[in-house]
Every structure is written in structure tokens, then in C-alpha cells.
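Here the protein sequences come in this chain order: A and B. Going by the working numbering, the first sequence opens with residue 203, and the numbers climb by one from there. Going by the working numbering, the second sequence opens with residue 6, and the numbers climb by one from there.
Among these hints, one or two may not hold up.
[Said to hold, decoys possible] Using 30 Å as the maximum straight-line C-alpha spacing, the simulated DSS-like pairs for lysine-lysine come out as follows:
1. K333/B - K473/A
2. K218/B - K544/A
3. K344/A - K218/B
4. K473/A - K507/A
5. K343/A - K250/B
It is worth saying that the hints were derived from the structure and are not from the lab.
Each chain, letter by letter, is given below.
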Amino acid sequence: MEDRNVILSVKDLYVKFRVRGRELTAIRGISLDLYEHESVAIVGESGSGKSVFTKTFAGMLERNGYLAGGSIEFEGKDLTKIRRAKEWSQIRGSKIATVFQDPMTSLNPILTIGKQITSVILRHQNCSEGEARVRALAMMKKVGIPHAEARFDDYPFQYSGGMRQRIVIAIALSCQPKILICDEPTTALDVTIQAQILKLIKDLQKEFGYSIVFITHDLGVVANIADRVAVLYAGQIVELGTTEELFYDPRHPYTWALLSSLPQLAQRNAKLYSIAGTPPSLYSEITGDAFAPRNPYALKIDTLKEPPMFQITPTHFARTWLLDPRAPRVEKPEGIQNIHEKMMNSLHVSGGQVREN
Amino acid sequence: MKTEKKTSVLPERGPVDEKGREILLSLKNVDIRFGKGNSSAKVVKNVSFDIYRGETFSLVGESGSGKTTIGRAIIRVNPCSAGEIQYKGVRISGKINQALERQVIRNIQMVFQDPSASLNERATVDYIVSEGLHNFHLYKDEADRVRKVEHIIEEVGLLPEHLTRYPHEFSGGQRQRIGLARAMVMEPELVIADEPISALDVSIRAQVLNLMKKFQQERGLTYLFIAHDLSIVRFISDRIGVIYKGNIVEIAEAEELFDFPMHPYTRSLISAVPIPDPVLERDKVLLTYDPAIHDYTADQPRLEDIGGGHFVFGNEQELAQYRTLRAKGELPQWRSAESADAENEEIPAKRTGRPGRRGWRMLRRALLALAGILGVCVGLFLIFLLLAVI
Numbered sequence: 203m204e205d206r207n208v209i210l211s212v213k214d215l216y217v218k219f220r221v222r223g224r225e226l227t228a229i230r231g232i233s234l235d236l237y238e239h240e241s242v243a244i245v246g247e248s249g250s251g252k253s254v255f256t257k258t259f260a261g262m263l264e265r266n267g268y269l270a271g272g273s274i275e276f277e278g279k280d281l282t283k284i285r286r287a288k289e290w291s292q293i294r295g296s297k298i299a300t301v302f303q304d305p306m307t308s309l310n311p312i313l314t315i316g317k318q319i320t321s322v323i324l325r326h327q328n329c330s331e332g333e334a335r336v337r338a339l340a341m342m343k344k345v346g347i348p349h350a351e352a353r354f355d356d357y358p359f360q361y362s363g364g365m366r367q368r369i370v371i372a373i374a375l376s377c378q379p380k381i382l383i384c385d386e387p388t389t390a391l392d393v394t395i396q397a398q399i400l401k402l403i404k405d406l407q408k409e410f411g412y413s414i415v416f417i418t419h420d421l422g423v424v425a426n427i428a429d430r431v432a433v434l435y436a437g438q439i440v441e442l443g444t445t446e447e448l449f450y451d452p453r454h455p456y457t458w459a460l461l462s463s464l465p466q467l468a469q470r471n472a473k474l475y476s477i478a479g480t481p482p483s484l485y486s487e488i489t490g491d492a493f494a495p496r497n498p499y500a501l502k503i504d505t506l507k508e509p510p511m512f513q514i515t516p517t518h519f520a521r522t523w524l525l526d527p528r529a530p531r532v533e534k535p536e537g538i539q540n541i542h543e544k545m546m547n548s549l550h551v552s553g554g555q556v557r558e559n
Numbered sequence: 006m007k008t009e010k011k012t013s014v015l016p017e018r019g020p021v022d023e024k025g026r027e028i029l030l031s032l033k034n035v036d037i038r039f040g041k042g043n044s045s046a047k048v049v050k051n052v053s054f055d056i057y058r059g060e061t062f063s064l065v066g067e068s069g070s071g072k073t074t075i076g077r078a079i080i081r082v083n084p085c086s087a088g089e090i091q092y093k094g095v096r097i098s099g100k101i102n103q104a105l106e107r108q109v110i111r112n113i114q115m116v117f118q119d120p121s122a123s124l125n126e127r128a129t130v131d132y133i134v135s136e137g138l139h140n141f142h143l144y145k146d147e148a149d150r151v152r153k154v155e156h157i158i159e160e161v162g163l164l165p166e167h168l169t170r171y172p173h174e175f176s177g178g179q180r181q182r183i184g185l186a187r188a189m190v191m192e193p194e195l196v197i198a199d200e201p202i203s204a205l206d207v208s209i210r211a212q213v214l215n216l217m218k219k220f221q222q223e224r225g226l227t228y229l230f231i232a233h234d235l236s237i238v239r240f241i242s243d244r245i246g247v248i249y250k251g252n253i254v255e256i257a258e259a260e261e262l263f264d265f266p267m268h269p270y271t272r273s274l275i276s277a278v279p280i281p282d283p284v285l286e287r288d289k290v291l292l293t294y295d296p297a298i299h300d301y302t303a304d305q306p307r308l309e310d311i312g313g314g315h316f317v318f319g320n321e322q323e324l325a326q327y328r329t330l331r332a333k334g335e336l337p338q339w340r341s342a343e344s345a346d347a348e349n350e351e352i353p354a355k356r357t358g359r360p361g362r363r364g365w366r367m368l369r370r371a372l373l374a375l376a377g378i379l380g381v382c383v384g385l386f387l388i389f390l391l392l393a394v395i
């Protein structure tokens with residue numbers, strides 16, 4: 203990992219929102235380095251701040267939100283210092299692009315597909331209209347649109363859901379961005395289409411060399427696409443590590459809970475595992491560990507003092523007092539020990555998935 | 006008079022099959038068409054299956070495959086264009102008398118995908134839950150109704166004080182609990198759950214599924230579970246039916262379906278589910294189904310039992326192959342037509358129709374403009390004439 207260059211460096215970021223006279227802290231001190239050509243998955247429940255976090259460096263934070271501290275370094279520039287919309291437009295779309303969840307809402311329904319791709323190219327690259335059309339067509343072919351010339355003048359409603367998402371990806375990649383943010387791009391799609399879109403994003407990464415920040419709540423998708431995973435809870439990264447470390451050697455009780463709720467690990471006719479309680483309110487100040495009230499392994503100190511980030515390996519970090527040398531030894535729950543063997547057992551005979559001709 | 010009444014009321018029990026299982030619901034060669042004449046589309050084609058009492062039967066397929074349409078046909082929202090649906094051996098599709106229809110409505114309840122769209126946002130939870138009780142007078146007096154509603158709302162894990170609130174005051178998971186309470190208060194025998202957890206957060210899904218399981222164990226409910234996500238379906242269903250473009254391509258018990266998926270579409274669907282294990286997911290082979298591998302020109306395909314209640318859709322030759330392979334405990338060789346993965350997605354039809362329509366629009370616009378100019382000319386002429394006369 204050391205030989206790779208850091209492309210985006212977020213340090214101790216705080217994001218707050220003003221909501222009807224009250225203050226909500228959505229991001230509570232996130233630090234994360236994004237390397238070149240890697241893909242980082244961000245997982246967490248809804249409301250954990252996954253989307254807000256990526257919006258801060260895509261320049262798409264809502265009006266009532268503001269950065270309350272920290273820095274975001276990108277190409278020698280601190281993005282938190284940007285005040286004017288014009289400066290953002292040089293970065294957003296051309297250097298940092300986003301693919302959203304619902305392809306129908308991110309495309310303009312009354313413009314043709316071709317127009318929507320060329321307008322982005324014309325805006326960010328100095329070229330003629332004819333040149334933009336050629337580039338747009340090349341992009342459409344790259345993302346796997348059959349008969350691109352014939353479909354160039356079609357409207358979004360004439361495309362299927364998977365094709366629309368391919369177009370959104372084509373638009374996002376048309377300016378060769380350095381970072382591609384994928385905000386649950388496959389949640390609205392069928393599993394068969396999802397598999398194709400994930401493959402497309404990975405294949406194009408080899409060609410374009412962008413870094414991926416992938417927001418999802420599906421751990422299967424994480425296993426498919428990510429090199430590293432950041433687990434978010436109540437606006438903080440509670441665990442960060444390579445995908446293997448996170449699945450095979452998780453350290454934070456919240457990660458344990460997420461893995462335990464995988465349906466693939468469930469026993470037939472037994473209760474499915476569910477995490478008790480609800481995430482904390484972000485309106486009030488959180489003392490101690492935010493996950494403590496829902497954590498069956500909580501220690502007394504969890505309610506008093508916020509745990510620091512403990513380092514386990516050069517790439518693996520977790521924010522839990524259980525890693526403190528003074529803490530009692532706690533093993534991860536039985537259900538997720540030897541997760542790889544359990545998955546093999548649960549799936550070994552499932553013909554389509556593992557056993558192949 | 007008396008005989009008519011007898012046919013209108015549902016029997017206590019449905020017919021029993023050769024294995025002694027009670028068939029609660031039976032679809033027999035059901036076709037469903039949308040639209041009329043040449044522009045009609047057959048979205049459900051010759052679908053037949055049985056649901057036994059007390060089981061969870063899941064219908065899995067991608068969007069547009071017709072799974073929701075089947076669910077809606079059972080509760081008589083979509084009419085069948087051919088075939089019939091039987092509930093406890095009594096036909097409930099097509100024209101039926103009012104008494105029977107009321108019984109069907111009471112006995113078959115539905116839970117919807119989007120809990121915020123399926124609850125009346127201007128009604129209190131109390132009204133939403135007791136609306137069915139009102140319609141069927143299922144309570145003795147007001148006190149009895151309140152008791153019933155409070156009981157069910159506690160059963161789904163909410164509190165009686167929530168009854169005076171409105172749906173928007175609840176989270177997604179709580180709303181789905183209200184949807185469940187609304188169905189359960191009618192004491193149904195069959196519940197059709199149309200993607201009840203797809204709109205929910207991962208951590209909430211397990212809670213709602215556990216709740217559904219609890220109701221099934223306590224009341225012996227039967228579920229028809231409609232879903233597109235195979236990973237959860239596997240652990241909650243007794244039997245699974247896979248549907249592709251209006252055809253049921255495979256029906257089997259859950260474990261059997263995952264152990265011996267025979268139809269290529271089922272296998273592609275299973276292979277598409279991402280495995281939450283980085284090593285397994287990396288080594289996984291993604292199978293892409295191409296309907297062109299079947300040659301159904303001479304020999305029409307049908308859904309047939311290949312042994313042990315495992316039904317597969319295929320023609321004579323394919324079915325014979327599936328049977329021998331299943332007996333040996335093997336899987337068929339994967340057949341794939343050479344094609345890029347993207348090419349499999351449908352290319353919308355009627356590309357030829359569009360320029361014509363655009364031509365029409367332009368013609369109409371031109372005509373309108375012409376009419377406008379003509380109108381102005383006539384007007385000016387009249388004014389001129391008037392002035393001349395004066």
C-alpha cells in the first residue's frame with residue numbers, strides 16, 4: 203500500500219446540519235486516505251453518514267449543511283476552503299464524479315441520451331460539438347450499449363434500468379475523473395443486472411485508472427468490489443481494513459453485528475439475527491462509544507469515554523475499547539467464527555455459485 | 006337458494022393431494038394479458054402451481070417477470086384472461102358471487118413493498134388497522150374493536166399509544182409493522198407479501214422477517230412471498246418458484262433448488278447473487294442466461310415434475326436430460342451462446358414507430374401554425390371591412 207500515492211486525504215472531518223433551529227452532527231471526525239486505483243467501500247446503516255461523507259468532497263453538500271472542522275486535500279488543494287460555486291464546477295464532474303442510486307432521477311427525462319453525454323463533455327473539455335459527439339459515442343460503446351449510434355438520439359425512458367445506469371456511468375467517466383463515487387448504484391437494479399454493472403465498473407477501472415468510493419449496505423457487493431472497507435456508525439469510521447481483514451478478522455462489535463445478520467449464515471427455521479435498538483440521535487452530544495447502548499460486549503468505559511482508533515495491522519484499524527490492553531479478552535461471536543468455512547458449507551452444493559463445470 | 010349459498014361459502018379445508026398435503030391455493034394454466042387487441046401483452050403465460058397450507062412459497066424473478074401480477078391476480082385486482090385460480094378448491098377468479106368475494110378479501114391479505122406508499126397518510130394508525138374490521142363487522146362492540154386493535158399493535162411490537170399517530174411519524178420498519186398489523190388483524194389464512202423487506206434497511210429486515218415467522222408459527226399462516234433477492238428467500242421459504250418473462254421455469258423445495266438448479270435461468274440468477282465472502286466472490290463464475298440456447302420451434306416446452314416435486318420448464322429432450330441428471334445428482338453442462346453480456350438486456354422494441362410519431366407531431370404543429378396565421382388574416386380582413394363600411 204505504501205508504494206501507492208494518496209489521491210485524496212480527509213483529516214478529522216466534521217459536518218453539521220442546521221435543521222429547524224437545531225444542530226445535527228452528521229460526520230464526527232472522519233479521517234481517511236484514498237489511494238490511486240483502489241476501491242474503498244463504505245458500509246453502514248441508513249443515517250450513518252455514508253452519503254454525506256462523499257458529498258463533502260463532491261461539492262454537493264446540502265444548503266443547510268456546513269463543514270465544522272477538518273481538511274480534505276485533493277491535488278494539493280484543500281477542498282474545505284472552497285467557497286465559490288465556480289471553483290467547485292472545475293472539480294465536480296470532471297475530476298470527482300458521482301453515480302447515484304436511481305438512474306431515472308439522475309438523468310433528465312426530456313433530453314436525449316446523446317445530448318446529456320455531449321453536454322458534459324462540452325462543458326468540461328475544450329472541443330467542438332462534432333468532436334464531443336464522437337467522444338460520447340465512444341463512451342457509450344465502452345459502457346456496453348449495443349447499437350450506440352442508433353440509440354444516441356433516444357430518450358431515457360426508452361432505455362431499461364440497467365442501460366440507464368450504464369449511461370450514467372458513461373456520463374460520469376466522460377471526463378476521465380480521478381475519483382468515481384458510487385452511491386448505491388445497484389440497489390435499484392435486479393441481481394443479474396447488478397452483477398453486470400459491478401463488472402463494468404471494475405473493468406473500466408483497469409482502463410481509466412480511477413479510484414472508487416463505493417457506498418453500499420450489501421456486504422456481498424462489498425466482497426465483490428472493494429479492496430478496503432470502512433464501516434461507518436453514527437458519523438464515525440468504527441473499523442477500517444482490507445476486505446479480507448474485515449470479513450475474516452473483524453474487531454469491532456458493530457462489524458460483528460453486521461456480519462452476523464448475513465442471511466447466508468442463518469440457520470433454517472431459526473430466528474434471523476437482528477441488531478437490537480436503534481442508532482443514536484445525532485442531535486445530541488454523544489458521550490463515550492456511540493454503539494455502546496446496542497452493544498452486548500460494552501464495557502463500563504464505553505459509556506464514559508470515546509474509544510480512540512486502535513491499530514491492529516498496518517492497514518487495519520478499529521475504534522473500540524476491547525482492543526485496549528487492559529480490556530478483557532472477548533472473542534467474536536460464534537456465528538461469525540470461521541466465516542469462510544461456514545460460507546463454503548452453506549454454499550458448497552449451490553451449483554450455480556461455487557461448483558462449476 | 007340453499008344450494009347456491011353452499012357454493013358461495015368457502016369450505017373449512019381445501020382438497021388434499023396424494024401426499025396428504027392440503028392445497029390452499031391453486032393456479033391452473035393462468036394467463037394474464039394487459040391491453041387489448043394487437044397491442045396486448047401476455048405478461049403471465051400458462052402458470053400453474055399449488056400452495057399448501059402452512060408453508061411459505063416464494064416467487065422469485067426480475068422486475069417485469071410477472072411475479073407481482075400473479076399476486077395481484079390472486080386478490081382479484083388483475084383479471085385472468087385464461088385459466089383459473091382456486092382457493093380451497095373453489096374458483097375465485099373471474100365472475101364470482103359477492104358473498105364469496107367478501108370471504109376471499111377477508112381470507113387473503115396483502116403486505117406491500119413500500120410501507121410509506123401503502124398506508125393512508127391522512128388516517129391514524131387506529132383507523133388504518135381497524136378499517137378491515139369495520140368493513141366486515143368483525144367485532145362485537147367498540148370495546149371489542151379497541152381490544153383487538155391494541156392486541157395486534159402490541160403483537161407487531163408497537164405500543165397502544167402509537168394508535169393515535171399518523172404514518173409519517175414512524176420509521177420505515179415501524180411502518181411495515183403497521184402494514185403487517187393491518188393484514189393480521191383480519192385473521193387471514195393466506196398472506197401475500199410483495200417484497201415486504203426490499204425497501205427496508207438491512208438491520209430492520211431481520212426484525213420484520215422474524216415477526217412474519219412468529220405469526221406463521223402461532224397462527225399456521227400460509228405465505229406467498231414475492232421477492233427478487235434469492236439470498237434471503239432461501240432461508241425463509243419452504244418452496245421456491247422461479248419466474249422468467251411470465252413463465253415459471255422451475256419450482257422446487259428451497260434446498261433442492263439451490264443444490265440442483267436445473268434450468269439455466271435459475272442458475273444464472275443464483276450465480277448473480279454476490280457472496281459476502283471476498284475469496285469466494287472473487288472465484289465465482291458469473292453465468293449469463295441466454296434464452297436463445299433453447300430450441301422450442303418443433304417441441305413446445307412445459308413445466309413438468311422431474312422427480313420429488315421438482316418442476317422444470319423445458320421440452321421433451323431437455324426434461325429427459327434433467328431427469329437423468331437429477332437421478333445421478335449432477336448438474337447440466339452450462340450452455341452459453343457467444344454474446345457480450347450487455348447484449349442480453351432487451352433492446353426496446355418499436356424503434357420504427359417513433360419517427361412516424363414525430364412526423365405526426367410536426368405535421369400537427371405546422372397545421373396549427375397555419376390555422377393561426379389564417380385566423381389572424383381573417384380577423385384583419387374583417388376589421389378592414391368594418392372600417393371600410395364605416
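Evaluated hints:
Simply put, K333/B and K473/A have alpha-carbon atoms about 34 Å apart, too far for the 30 Å limit, and the pair is violated. Distance check on the hinted pair: K218/B and K544/A sit about 24 Å apart at the alpha-carbon level, within 30 Å; holds. For the hint pairing K344/A with K218/B, the CA-to-CA distance comes to about 46 Å; that exceeds 30 Å, so the pair is violated. A C-alpha spacing of about 34 Å is found between K473/A and K507/A, which places the hinted pair above 30 Å, so the restraint is violated.
As the CA atoms of K343/A and K250/B are separated by approximately 27 Å, the hinted pair is consistent with the 30 Å bound.
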